[in-house]
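The listed protein sequences derive, respectively, from chains H and L.
Position 176 (the first sequence) corresponds to 173 in my numbering; numbering is contiguous.
Position 315 (the second sequence) corresponds to 312 in my numbering; numbering is contiguous.
Everything labelled a hint here was simulated from the structure, so no lab data went into it.
Warning: the hint list may mix true and false statements.
Copies of the same chain look alike in the list, so a pair counts if it fits in one copy or across any two.
Unchecked claim - Think about it this way: if two alpha-carbon atoms lie no more than 25 Å apart in a straight line, the pair counts; the simulated BS3-like pairs of lysine-lysine are:
no.: 1; residue 1: LYS564; residue 2: LYS325
no.: 2; residue 1: LYS458; residue 2: LYS144
no.: 3; residue 1: LYS524; residue 2: LYS48
no.: 4; residue 1: LYS238; residue 2: LYS325
no.: 5; residue 1: LYS351; residue 2: LYS524
no.: 6; residue 1: LYS144; residue 2: LYS48
no.: 7; residue 1: LYS221; residue 2: LYS7
no.: 8; residue 1: LYS564; residue 2: LYS144
no.: 9; residue 1: LYS374; residue 2: LYS48
no.: 10; residue 1: LYS458; residue 2: LYS11
no.: 11; residue 1: LYS238; residue 2: LYS144
no.: 12; residue 1: LYS216; residue 2: LYS367
no.: 13; residue 1: LYS144; residue 2: LYS374
no.: 14; residue 1: LYS69; residue 2: LYS95
no.: 15; residue 1: LYS458; residue 2: LYS238
Protein chains: 2
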Amino acid sequence: WHEGAVAGAKTDVKTISPLPAGEWSLPAGDYANTRFSSLDQITQANARNLKVITTVSTGVPHGHEGGPLVVKNTMYVVTPYPNNLMALDLTQPGGALKWVYEPHPDPRAVGIACCDIVNRGASYADGKIIYNTLDAHTVAVDAETGKEVWRAKVGNIDVGETVTMAPLVVKDKVIVGNSGAELGVRGWVLALDVKDGHEVWRAYNTGPDADVLIGANFKPFYPKDQGKDLGVSSWPGEQWKLGGSTVWGWVSYDPELNLIYYGTGNPGVWNPDIRPGDNKWSSSILARDADTGQARWAYQISAHDAWDYDEIMENVLVDMNYGGRMRKLLIHPGRTGFVFVLDRENGQLLSADKFQPVNWADGYDLQTGKPRENADKRTHFGVVTKNICPSSTGGKEFVPSSLSPRTGLLYIPAHNTCMDYEGIESNYIAGTPYLGADVRMFRGPGDYHGELVAWDPVARKEVWGIKERDLPVYSGVLSTAGDVVFYGTMDGWFRAVDARSGEQLWQFKTGSGIVGNPMTYLGPDGKQYVAVYSGVGGWMGAVAFPSISADDPYAGLGVVGAMAQIKQHTGPGDTLYVFGL
Amino acid sequence: WHEGAVAGAKTDVKTISPLPAGEWSLPAGDYANTRFSSLDQITQANARNLKVITTVSTGVPHGHEGGPLVVKNTMYVVTPYPNNLMALDLTQPGGALKWVYEPHPDPRAVGIACCDIVNRGASYADGKIIYNTLDAHTVAVDAETGKEVWRAKVGNIDVGETVTMAPLVVKDKVIVGNSGAELGVRGWVLALDVKDGHEVWRAYNTGPDADVLIGANFKPFYPKDQGKDLGVSSWPGEQWKLGGSTVWGWVSYDPELNLIYYGTGNPGVWNPDIRPGDNKWSSSILARDADTGQARWAYQISAHDAWDYDEIMENVLVDMNYGGRMRKLLIHPGRTGFVFVLDRENGQLLSADKFQPVNWADGYDLQTGKPRENADKRTHFGVVTKNICPSSTGGKEFVPSSLSPRTGLLYIPAHNTCMDYEGIESNYIAGTPYLGADVRMFRGPGDYHGELVAWDPVARKEVWGIKERDLPVYSGVLSTAGDVVFYGTMDGWFRAVDARSGEQLWQFKTGSGIVGNPMTYLGPDGKQYVAVYSGVGGWMGAVAFPSISADDPYAGLGVVGAMAQIKQHTGPGDTLYVFGL
Ligand SMILES: O=C(O)c1cc(C(=O)O)c2c(n1)C(=O)C(=O)c1cc(C(=O)O)[nH]c1-2
Ligand SMILES: O=C(O)c1cc(C(=O)O)c2c(n1)C(=O)C(=O)c1cc(C(=O)O)[nH]c1-2
């Protein structure tokens, strides 16, 4: 592999990290979070012949987010809590079970996790499968034997910390972040040593610069993000200690710049009037030195968030001809409903465009980096602000998009949900919900709820879209060198569509809704396979569970209002599907 | 349809009740429990082209026993507890969910059921889907709308009664039986009115003749089964009140004789020395008038059971040339390890032959109807009797065999498990386990654990067999007019084999172990499909659950000893698979 070497890539699109081909060893396949595979056996012409090759149940009928890894003819599956790791021998017919590693996480984590008991996957490195458990531990398991090599306690469930994200291994470090903004935790990202799991650095996203690892190299592009100890001064009193800004999404890495990129979640407590100020570094994108954790730049997408717009979404790294010259881009399709394109060297905002109905802001001022907000959509204590678009669940959720260097398009799993939002009272008790809002969500304008959007980041517009009438698109996306895009629907269809036209090539109905991320690999027989989990859940998907009543639209942090109808389409499941020609 | 009208049926084999073709509306497809379908699109020649058409998860990762029904282009799936009924619209792509009916059974039933929280399926009749819930209720649901039509309380969980069997609807009556012999319940079978669910008759299997519905028409063939109030006198004191003899398996019906047939479970308390006597009517086959419930005959397979040999296995009704003339047969492949062939008019034993390793008896005396027992394999209080074959789980379990009128063969899902057994103390407390034995099971002689046996009931021998080295065969069997036999393995393979040679034609690896029963039907497109559940569980299969430790061979009523290795092969699942060409 070498840079930009994708067959048929557009000349003005350069990938910046090795792309997955035969194996898939990182959560997104590559460091850059393109989720593009160089495999090209499955094409627009033959995808209609895809069929189920094998299936494996995990036995945990909860949201199956993330996707499997494939390394050395072994497939690795991390289940939702209890976070078992299953190894499947791909050289055996049907994918025989090699072993199951059971970490036995503390069951108290189940009651603490905000949004189902999900896990977003693992990284392979140094002969180990490394992933996080819901009770805020990171485990490293020998990829051959299934024996635990090390286990590190990274957070504390007693104060409401859980971990659901997929760690990214960068050189000798395992990058991990926490969840728990709905319980008033303080967000962080940290690096563990890949050999033994000891903590190398930890950077908080709120608090004094010393804690945030902000030092001499910190050079935010915009004045709004510049200043000393903003992680303290942009909060009232000590609220930054309960300030959320968690890291439960995806981490990217640029090997040349040696920077990691990630987004942060909402500021602690959803009622904005409790926390006057910008509330840094909530709802931000941060760039950090991979070795030291020192911040290079930060860009706050929305200051003083009033809508629970976590911005932990994937940051897709790619070099593109942008405004007449090749630039190092970071593309962030955001919960706020905008696709943000930044210069990933310095954090400059190059463009921000709506990819779904948005009314909280009209656009972004590229001079200041600030949104042009619609004041009457700002929420307040004791006021029901009506019809805000998008809802807290965003124009998209954490489910990751994919960028094909052959089409130059970003394929975004999106939804069209709006909400009424009221800031309310809430008291902090460690380890319990600390929410401060009453929310009711509903389907947005236009007769659809979800959409797979093929977005041209240079032309700054949608090229084509595939709409879902009843349900959001809440699965990750995979694009391949065969010019096929794969994704799933919340009612269980797994689809292959033409990367250029969006024409549907094939679909198969899996057992449950799809909220996981498809991946692809070469089997021991040299053939290309595509795998995906089917098992509805997560925040929006958990409404499909029989245990959740459809009667109260405010339930499930407001999500039931928008999702009650999912019960008519699907219910929980827990199965891995492998497809091939 | 008319009698014996199966294309290509052997001239000396006559089916006696309508066979399933386009639809599948009864648990076994027909009244006679042949599990043979007249459909012939899938053949020995094309079965290798079978592929997955669709899949549906139920969200309940427990033993998925029984199988779906198909009536009027709708497929009906009953889940394990909480016993939801899912209706799938087969006219829609992927089999869209029409509705889910949720009976909300009393959750206390979960702690009472002996062997996982299974359900063995439903009957369709009179526009309703009728099935039992674990908490001992029978429900009737409008097949179109999913609305409950009636609900009848048939048993009492407070004394340990649950219901797991599939009811059989015979004319205007719903035949139901209870579970709970491991808790000292008193077994019964009853008939509910199909219109409103009121109880029409109830027949106990222990106690005075009046309760057992034994009257003037009762004519057992053998002296050993003749006499007054044997259901009392064959027990010490009032032990018959705790006498088990439950009805958790399959009911058959002969429309011409108007008789129903069923087998009964083990006598209450496994320690035989607590209950001297024959312990009637435990481990017996009974024939009853379908309208009145009055007993016609009974045949006790093993008197004074000392091994937990429930004999609730299916009774396959067929007319065959037996001993030179056409006879009305009842074929019962038994837990005791023998295939019993009886004259179903009078209960005469025509033959009893071993189909798996058996050492508790050498054979049966056809003059007396009694087994020739091996005295040193009789178990006793305080004595560890070693190496008894088969184990309590039998030469086969409740999972039903299939008889093809084209081959005249009975396809038996079998296992080869032996045990050490010790009668121990046990105290009766209503609604709690009342077991009285320490059991440890292990794989039997010969290097295999399971076998699909193709048995010739006339020649009284195995024609061919397909062995499984590590695991029992614990799925039901389907045979078809295409001369294909379908069954599943506990490690999840679903197989099509040649009904004549046993040659494997095709297999697919489903997500979990198969303990359900395959069925077949015509889709709205006129094509033949085959459906089966994948979801390991039940008594032997529950050892696959992570919650059950593999360390104590005596655990799970002794089954862990024989089944610990299943964890290396599969784990729980919950998916319906539909296959087609
Ligand atoms: O702020 C947090 O710490 C946090 C954590 C998580 C999580 O860990 O799953 C979610 C969210 N927030 C959240 O805002 C959100 O929309 C969400 C959706 C989901 C999901 O799995 O579907 N998790 C989370
Ligand atoms: O005696 C009873 O009442 C009773 C009930 C059940 C049941 O309802 O599942 C089983 C048994 N016994 C039993 O002996 C047995 O082997 C068994 C296996 C299974 C199963 O689902 O795998 N259930 C039962």
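### Task
Hints the structure violates: just list their numbers, smallest first.
1, 2, 4, 5, 6, 7, 9, 11, 13, 15
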